[in-house]
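Enquirer: Protein chains in written order, with this note's numbering: chain E, 1 to 202; chain A, 1001 to 1202; chain H, 2001 to 2283.
Everything labelled a hint here was simulated from the structure, so no lab data went into it.
Quantities reported herein were computed from a predicted structural model and do not represent experimental measurements.
Where is the CB? At the ideal position from N, CA and C, for every residue including glycine.
Certain hints may be false.
Sample of chain E residues with no beta-carbon within 10 Å of chain H, all distances over it, derived [unchecked claim]:
no., residue
1, E31
2, G81
3, A115
4, E157
5, A160
Reference excerpt, derived from the structure (chain H facing chain A, CB under 10 Å, subset only) [to be verified]:
no., residue
6, T2090
7, Y2127
8, D2142
9, M2154
10, F2158
11, L2162
12, V2166
13, D2229
14, A2230
Restraint-style ranges between C-beta atoms, simulated for each label pair [to be verified]:
no., chain 1, residue 1, chain 2, residue 2, range
15, H, S2220, A, G1159, 36 to 42 Å
16, A, G1159, E, G174, 40 to 46 Å
17, A, G1030, H, P2163, 33 to 39 Å
18, E, S107, H, A2145, 25 to 31 Å
19, H, P2163, A, S1138, 39 to 45 Å
20, E, Q108, A, T1154, 38 to 44 Å
21, E, G174, A, T1154, 25 to 31 Å
22, E, S4, A, R1052, 23 to 29 Å
23, A, E1049, H, L2085, 52 to 58 Å
24, E, Y3, A, R1052, 49 to 55 Å
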Amino acid sequence: MEYSPADQPGGLKGALEAVLMVVEKPVTEGELALALGIPPGQVAEMLVELQREYDGYTGGGPQSVDARQPRGFEVRSLAGGWRIYSRNWFAPVVAAFVLEGQTSRLSQAALETLAVIAYRQPVSRARVSAIRGVNVDSVVRTLTQRGLVAEVETDPETGAILYGTTPSFLERLGLGSVAELPRLAPHLPGLENLGDFDDTTY
Amino acid sequence: MEYSPADQPGGLKGALEAVLMVVEKPVTEGELALALGIPPGQVAEMLVELQREYDGYTGGGPQSVDARQPRGFEVRSLAGGWRIYSRNWFAPVVAAFVLEGQTSRLSQAALETLAVIAYRQPVSRARVSAIRGVNVDSVVRTLTQRGLVAEVETDPETGAILYGTTPSFLERLGLGSVAELPRLAPHLPGLENLGDFDDTTY
Amino acid sequence: MPAPGHQSAAVLAAEPAPPEAKAVFELHLANFTGPFEVLLNLISKRELDITEVALAEVTDEFLAHIRRIQASAGEWNLDEASEFLVVAATLLDLKAARLLPSGAVEDDEDIALLEARDLLFARLLQYRAFKEIARQLAGRIDEEADRYPRRVPMEPQFAAMLPELVWQASMADFAALARKVLAPREPVPSEVSLGHLHSPRVSVRDQTELIEALLRSNSSLSFRQLTADAGHPAVVVARFLALLEMIRDAVISFEQMAPLGELRFRWVGNDGGTGGGGGGGVD
């Protein structure tokens, strides 16, 4: 039998929640409709239902006996796309949690990863990991958050996201463009062939 | 009046949900307790309540009139901490939206090396090689790049680097801790106490 | 009708063969027919005596198998080949240990032999245990891959509250860091080198030539005589290997008058020389 999200526990609304909960970027009603195989209008209806449920109303009807508490999250549309966010009224708690341990300096690992991305862009995280010898996923996330690197394109062959530096990074180094980065090659014989081995190890 | 999350709509449980919305890796009950200003025991209780609510039971009691549907997400305790996951039965729908794409599969050699490291950690590459019968240097490098194993310490006698598994390994396997790994003994009939024979035969 | 004592995987396999997507390595021996995995299973459960398995045939069949894969896939399956080598080497060790004279345990040497046998057996079992566990771990990883963790970028309101970055690196600093990080790394040795122990490398080829010269000028010599001047265990081993190769090449013959008695070797080759087989060496 073919898979249908409507047949799963929680049904289509559950599928919608599942997507909204884990997407990294807000998604449009059109994209959601396509993934669920239903008309965008039905997605819009379910989004409103979810909003009401998270706000503390039951799905069953407006006069439900047990008054439900609102959830600590909400589903919101920002810039045309939908995603789940933490509730505004818990911002002081959430902010304290998020900012705990954050510093104004980049760690050595972050700096080294930034150097690899700057000189090898556009480059996938897998390749940066291969060059640095450790997993760089969370460091790249930090650098992205800090606006120093960004997703610039997708590798046409592997589908991997490729990263590059941002204008804000150039500004900090006082550079007009990436081309102005100091050249490394004269000090690194054989560097041009570096690309050949690190892809194969991942 | 001073701000207190308990006074907000949704109360402390709502605040807990709000924090879970922003975590990037499994977060411990201790960290959550600190953020909310309550004892860890109370956090643990609320987490179990949330689990039940997301699974489709009401918070109100076991005999609620309206049978609730499970939510499209769940909160799980893995790698020593708590985190929100989409339901596995919606994987076909969610996969379309997760840009990271599940990382490529591990080779047979990588899986076996990972198994030896998991059960013998902390362990040197030389010892893993002895058990596997082949050189494992490049496989260990790949596992390190993928963040599944890491250098954890140095052997005080030989100076060899010792490897162990990472929290990300536990998450990928859906385990709370290394102690939850399936038991090796049933696969080693009569040899449970012969843990070190591999050193003497090489 | 299968011969008496013939084991068929279909009836005897206590565990089903692993579901392999690729071609499974199947064996067709005098007393066993079925996948290699099942043969190992029977041996590890001691339902099949290792001494009754013709390892040479197993190896021949494996080589044929790996050539078939190479022909169809266009490349060598190194994973499978190296894995086979490990298991085959262990089986060979095990078989050698089993074939040694057994009986009443009389002295420490016998006990050591028995222990060595158990250790080999243990090694084989351990190898198989980790293979089985790896299969289970793969299953768990596949299952978990269907659950996606929530890992979203920091909400803008909180990102705006992050402490302002203090950038201290100059462009020269940054380039120097990049140079360091991008420099090809020396592979880290996986173990402490034994090079400082000055163990001499002994060439089997050299020892072959030496033995040939000795045997050509003497009617027959014992192993003891042939290794009297060895001086280092590696030389003894190299000469032993050389003798094995020369026996294989049928340029020498040997005789042993009584069990565990002295081995005597005689040159029986033509006058042209051995052609110097065996370029290997012993460390």
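Enquirer: Using Cβ atoms and 10 Å as the threshold, tell me whether E/G81 really stays out of contact range of chain H.
Expert: Nearest chain H Cβ is 12 Å from E/G81, so the label holds.
Enquirer: Was the hint right that H/F2158 lines chain A, CB cutoff 10 Å?
Expert: H/F2158 check passes; min Cβ-Cβ to chain A is 7 Å, inside 10 Å.
Enquirer: Taking the CB of E/Y3 and the CB of A/R1052, does the distance hold inside 49 to 55 Å?
Expert: At 27 Å between Cβs, range violated.
Enquirer: Determine whether the Cβ-Cβ distance between E/S107 and H/A2145 falls within the hinted range of 25 to 31 Å.
Expert: holds (30 Å)
Enquirer: Once the shortest beta carbon distance from H/L2162 to chain A is found, is it less than 10 Å?
Expert: Violated: closest Cβ of chain A sits about 13 Å from H/L2162, beyond 10 Å.
Enquirer: Would you say the C-beta atoms of H/P2163 and A/S1138 sit inside 39 to 45 Å of each other?
Expert: holds (40 Å)
Enquirer: Return the status of the interface hint for H/A2230: holds when the least beta-carbon distance to chain A is below 10 Å, violated otherwise.
Expert: violated (25 Å)
Enquirer: Double-check H/M2154 for me: the hint is only fine if its C-beta lies closer than 10 Å to a C-beta in chain A.
Expert: holds (7 Å)
Enquirer: For the hint on H/D2142, does the least C-beta distance to chain A fall short of 10 Å?
Expert: With Cβ-Cβ at 8 Å, under 10 Å, it holds.
Enquirer: Is E/E157 truly not at the interface, in the sense that its beta carbon sits beyond 10 Å from all beta carbons of chain H?
Expert: holds (20 Å)
Enquirer: For E/A160, which was marked as not at the interface, is the minimum beta-carbon distance to chain H over 10 Å?
Expert: holds (17 Å)
Enquirer: Lying within 25 to 31 Å: is that true of the beta-carbon distance E/G174 to A/T1154?
Expert: violated (41 Å)
Hints 3, 11, 12, 13, 14, 15, 17, 20, 21 and 24, counting from the list given before, are not met by this structure.
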